[in-house]
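S.K.: Number 205 in the UniProt record's numbering belongs to position 205 of the sequence shown; there are no gaps in the numbering.
Derived from the structure by calculation, the hints contain no laboratory data.
Heads up, some of the hints might be wrong.
What the hints assert, rightly or not - Restricting the straight-line Cα-Cα distance to at most 20 Å, the calculated cross-link-like pairs of lysine to any residue (SDA-like) are:
no., residue 1, residue 2
1, 272, 123
2, 254, 128
3, 232, 115
4, 203, 254
5, 187, 228
6, 149, 186
7, 232, 123
Said to hold, decoys possible - Beta-carbon label-pair distances, calculated as ranges:
no., residue 1, residue 2, range
8, 178, 153, 23 to 33 Å
9, 206, 228, 39 to 49 Å
10, 265, 206, 12 to 22 Å
11, 130, 232, 29 to 39 Å
12, 190, 158, 15 to 25 Å
13, 94, 269, 19 to 29 Å
14, 210, 101, 43 to 53 Å
15, 265, 162, 23 to 33 Å
16, 112, 192, 52 to 62 Å
17, 232, 266, 25 to 35 Å
Keep in mind the model is a prediction, meaning the values are calculated, not measured.
We put the CB at the ideal spot given by N, CA and C, even for glycine.
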Amino acid sequence: MSTVGCPFPDKAIDLIDEAGATAAKTMMPVGDQEENVITLQSSSKNAVKEAIVCPNHVAQVVSQWTGIPVTVLDQEEKDRLIHLASRLRERVVGQDEAVNLVAQAVLRSRAGFDQPGQPIGSFLFLGSTGVGKTELAKALADQLFDSEKMLVRFDMSEYVDRGSVLRLIGAPPSYKGHEDGGQLTEKIRRRPYSVILFDEVEKADPSVLNLFIQLLDDGVLTDGKGRTVDFKNTIIIMTSNLGAEHLTAGMAGKITMEAARDLVMQQVCVYKRLLL
1 MSTVGCPFPD KAIDLIDEAG ATAAKTMMPV GDQEENVITL QSSSKNAVKE
51 AIVCPNHVAQ VVSQWTGIPV TVLDQEEKDR LIHLASRLRE RVVGQDEAVN
101 LVAQAVLRSR AGFDQPGQPI GSFLFLGSTG VGKTELAKAL ADQLFDSEKM
151 LVRFDMSEYV DRGSVLRLIG APPSYKGHED GGQLTEKIRR RPYSVILFDE
201 VEKADPSVLN LFIQLLDDGV LTDGKGRTVD FKNTIIIMTS NLGAEHLTAG
251 MAGKITMEAA RDLVMQQVCV YKRLLL
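Sequences are here, hints too, so could you generate the full structure?
M.R.: This is the structure:
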């Protein structure tokens, strides 16, 4: 595991030093030693205490440095994936079909059946406000990446002009704000394991949506400083209220849910053709 801008062996020494400090805080009993651990001794006037540095301590430090969740580093991800659907259903009530489809897509990607280099999954959540679109995104971040803080949310009503693309990926040299970097690319460059939520995506400028198409196809974006930012360990979620009135009519029994879904997809297809 590497840290940007720091060469070996310096980064390895720093890692062991930080892991030792982490172990010292927990002060595991010597009797609980595991195989292949490093014993660090610290002496005082009257006693010698030992702190045990385990692989989990190293993983914890690397996680803090890189933003990569501990569960990915210590190979516990398999168990989480197997039970992903049931854990999501515990938080997102009444959306079993959507939850199952999302969980299946994530499992399929992790099993290697999707295109290599592309995001773990990309989803368009349709429905009216309050049905659980954002809650499902939060639950995914929590289950896959250990914390809801791994959810990166963008309100697309704030990206309605052509200059919005530069705000997301960063302005090129000589442009104002170049040194700040892109709002999207900087966050993912620093935390490559994230769930990205583009809320009310239909409100964004078409140039922004074209950027998203590139992102979904290639799995990478080039920022204003010429750096390639990798999105292969992210989940992309877009939400929209397109056709919400049809779904509301379906739930009220005015039309069948099958008819409501057909009307929603027709509206989405019309919107897509307008963009192209």
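S.K.: Decide, hint by hint, whether the structure agrees.
M.R.: Checked hints:
1. 272 - 123: holds, 15 Å
2. 254 - 128: holds, 16 Å
3. 232 - 115: holds, 10 Å
4. 203 - 254: violated, 28 Å
5. 187 - 228: Distance ~13 Å between residue 187 and residue 228 Cα, so the pair holds.
6. 149 - 186: At roughly 16 Å apart (the allowed maximum being 20 Å), residue 186 and residue 149 satisfy the hint.
7. 232 - 123: Holds. Residue 232 to residue 123 sits at ~14 Å (cutoff 20 Å).
8. 178 - 153: 23 to 33 Å: holds, 25 Å
9. 206 - 228: 39 to 49 Å: Given a distance of about 24 Å, which is not inside 39 to 49 Å, the answer is violated.
10. 265 - 206: 12 to 22 Å: holds, 20 Å
11. 130 - 232: 29 to 39 Å: holds, 32 Å
12. 190 - 158: 15 to 25 Å: Since the Cβ atoms of residue 190 and residue 158 sit about 21 Å apart, the hinted range of 15 to 25 Å holds.
13. 94 - 269: 19 to 29 Å: The hint (19 to 29 Å, Cβ to Cβ) holds, given that residue 94 and residue 269 are roughly 27 Å apart.
14. 210 - 101: 43 to 53 Å: violated, 26 Å
15. 265 - 162: 23 to 33 Å: holds, 29 Å
16. 112 - 192: 52 to 62 Å: At roughly 19 Å between Cβ atoms, residue 192 and residue 112 fall outside 52 to 62 Å, so the hint is violated.
17. 232 - 266: 25 to 35 Å: Holds - the Cβ-Cβ distance for residue 232 and residue 266, about 33 Å, lies within 25 to 35 Å.
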